[in-house]
Amino acid sequence: MEAFEVIKEDRLLDCSDMLCPMPIVNTAKAMKELQPGQVLKMISTDAGSPPDIEAWSRQTGNELLLSTVEGGKFVFFLKKA
Amino acid sequence: MSKSNPNAPKRLALISSKGTLDWAYPPFILASAAGAMGWEVGVFFTFYGLTLLKPELTAAVSPLGNPAMPMKMPFGPEAFQNVNWNMPNLLMSNMPGFEGVATSLMKQTFKNKGVATVEELRDVCIDMDVRLIGCQMTMDVFGFNKDDFIPQAEIGGAATFLEYAADADVQLFI
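Taken in sequence, the protein lines are chains L and G. Going by my numbering, the first sequence opens with residue 1, and the numbers climb by one from there. Going by my numbering, the second sequence opens with residue 1001, and the numbers climb by one from there.
Warning: the hint list may mix true and false statements.
[What the hints assert, rightly or not] What follows is a list of derived Cβ distance ranges for each label pair:
1) L:Val69 - G:Asn1112: 18 to 26 Å
2) G:Val1141 - L:Asp17: 38 to 46 Å
3) G:Asn1145 - L:Val6: 26 to 34 Å
[What the hints assert, rightly or not] Under the rule of at most 30 Å between Cα atoms (straight-line distance), these lysine-lysine pairs were calculated in the DSS-like manner:
4) G:Lys1018 - L:Lys29
5) G:Lys1054 - G:Lys1010
6) G:Lys1072 - G:Lys1018
7) L:Lys32 - L:Lys80
8) G:Lys1018 - G:Lys1111
9) G:Lys1107 - G:Lys1018
10) G:Lys1054 - L:Lys80
11) L:Lys73 - G:Lys1018
12) G:Lys1018 - L:Lys32
13) L:Lys8 - L:Lys29
14) L:Lys73 - L:Lys8
15) L:Lys29 - G:Lys1107
16) L:Lys32 - L:Lys73
17) G:Lys1107 - G:Lys1054
18) G:Lys1107 - G:Lys1072
19) L:Lys29 - L:Lys73
20) L:Lys8 - L:Lys80
21) G:Lys1111 - L:Lys32
22) L:Lys80 - G:Lys1018
23) L:Lys29 - G:Lys1072
24) L:Lys73 - G:Lys1111
25) G:Lys1072 - G:Lys1010
26) L:Lys73 - G:Lys1072
27) L:Lys73 - G:Lys1054
28) G:Lys1072 - L:Lys32
29) G:Lys1146 - G:Lys1113
30) G:Lys1146 - G:Lys1107
31) L:Lys73 - G:Lys1107
32) L:Lys8 - L:Lys79
33) L:Lys32 - L:Lys79
34) G:Lys1054 - G:Lys1146
35) G:Lys1010 - L:Lys79
36) L:Lys80 - L:Lys29
37) G:Lys1010 - L:Lys29
38) G:Lys1072 - G:Lys1146
39) L:Lys8 - L:Lys32
40) G:Lys1018 - G:Lys1146
Everything labelled a hint here was simulated from the structure, so no lab data went into it. No residue lacks a Cβ here, since even glycine has one placed at the ideal position from N, Cα and C.
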């Protein structure tokens, strides 16, 4: 079983077809509405997203549980700090 | 240790000095990205950058003086869209309306690719409480009043920016 199949998200955010900086801008907005410990699943088609989400996670302290590719799209699971 | 408060969030201080469409993007992209990372952000708009504080953005782009600017067609088959049109300066400088055409092409290409508009990015910055500071001296020189700008704009001078930048982790001149 793939790791992302066992992580359950509390909210799904689809940033497909958006370019920098909108995926992290929308991720930050969505994350604000979650409670600590809740998980956001973010989908992006921007090839800049994997390094950007890693940097965003380090800067904000929200843990990046998983960064993967699913169906040709980048998928991230972020846990609210 | 230059930061007066070690518990304060990271801070980005930008100077935006150019008002064309291509140069309007970097400050608003960096400011909104920093805001998304929880940083404090202030942008000081000076000289031509000041026009980016007007309610209606009229930023245009000129291929003149930007010899490396790729001219792309935002329509047609992909192979056609990827052609880099080489426009000699002599042709561009003599053709009326060329800047308008170049601006439309760039805006449409950006839209097709999924880039937010400058207006959208500025709205994101406002939502994130990015400080937008207009340069008083430039306002005097070009005849701008505070009423010419969006209500979120503050007014300040070099000392205002320097004091803000002295406590910043990143300072950039754009």
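Query raised in the report: Between G:Lys1010 and L:Lys79, is the straight-line Cα distance small enough, at 30 Å or below?
Result: With a Cα-Cα distance of about 21 Å, the restraint between G:Lys1010 and L:Lys79 holds, given a limit of 30 Å.
Query - Given hint G:Lys1107 paired with L:Lys29 - CA-CA distance at most 30 Å - result: Holds. L:Lys29 to G:Lys1107 sits at ~26 Å (cutoff 30 Å).
Requested in this report: Below or equal to 30 Å on CA atoms is what counts here, so check G:Lys1107 against G:Lys1054.
Outcome: Distance ~19 Å between G:Lys1107 and G:Lys1054 Cα, so the pair holds.
Report task. Starting from L:Lys8, check that the Cα of L:Lys29 is at most 30 Å away, please. Result -> holds, 20 Å
**Report entry** 30 Å Cα cutoff - pair G:Lys1018, G:Lys1146
**Finding:** Cα-Cα ~19 Å, so holds.
Report task. Indicate whether the distance between the beta carbons of G:Val1141 and L:Asp17 respects the range 38 to 46 Å. Result -> holds, 42 Å
Query raised in the report: Under the criterion that the straight-line Cα-Cα distance not exceed 30 Å, is the pair G:Lys1107, G:Lys1018 satisfied?
Result: holds, 18 Å
Report task. Quickly compare the C-alpha distance for L:Lys73 and G:Lys1107 to 30 Å and report which way the hint goes. Result -> holds, 26 Å
Report task. With a cut-off of 30 Å on the C-alpha distance, tell me whether L:Lys32 and L:Lys73 pass. Result -> Holds - the C-alpha atoms of L:Lys73 and L:Lys32 are around 24 Å apart, at most 30 Å.
Query raised in the report: When you check the alpha-carbon spacing of G:Lys1072 and G:Lys1010, does it fall within 30 Å?
Result: With a Cα-Cα distance of about 38 Å, the restraint between G:Lys1072 and G:Lys1010 is violated, given a limit of 30 Å.
Query raised in the report: Does the alpha-carbon distance linking L:Lys32 and L:Lys79 stay inside the 30 Å limit?
Result: Satisfied, since the Cα-Cα distance of roughly 11 Å is no more than 30 Å.
Query raised in the report: Does L:Lys29 lie within 30 Å of L:Lys80 when you go C-alpha to C-alpha?
Result: Status holds; Cα separation ~12 Å.
The structure fails hints 3, 10, 11, 12, 22, 23, 25, 27, 28, 29, 38 (numbered hints given earlier, in ascending order).
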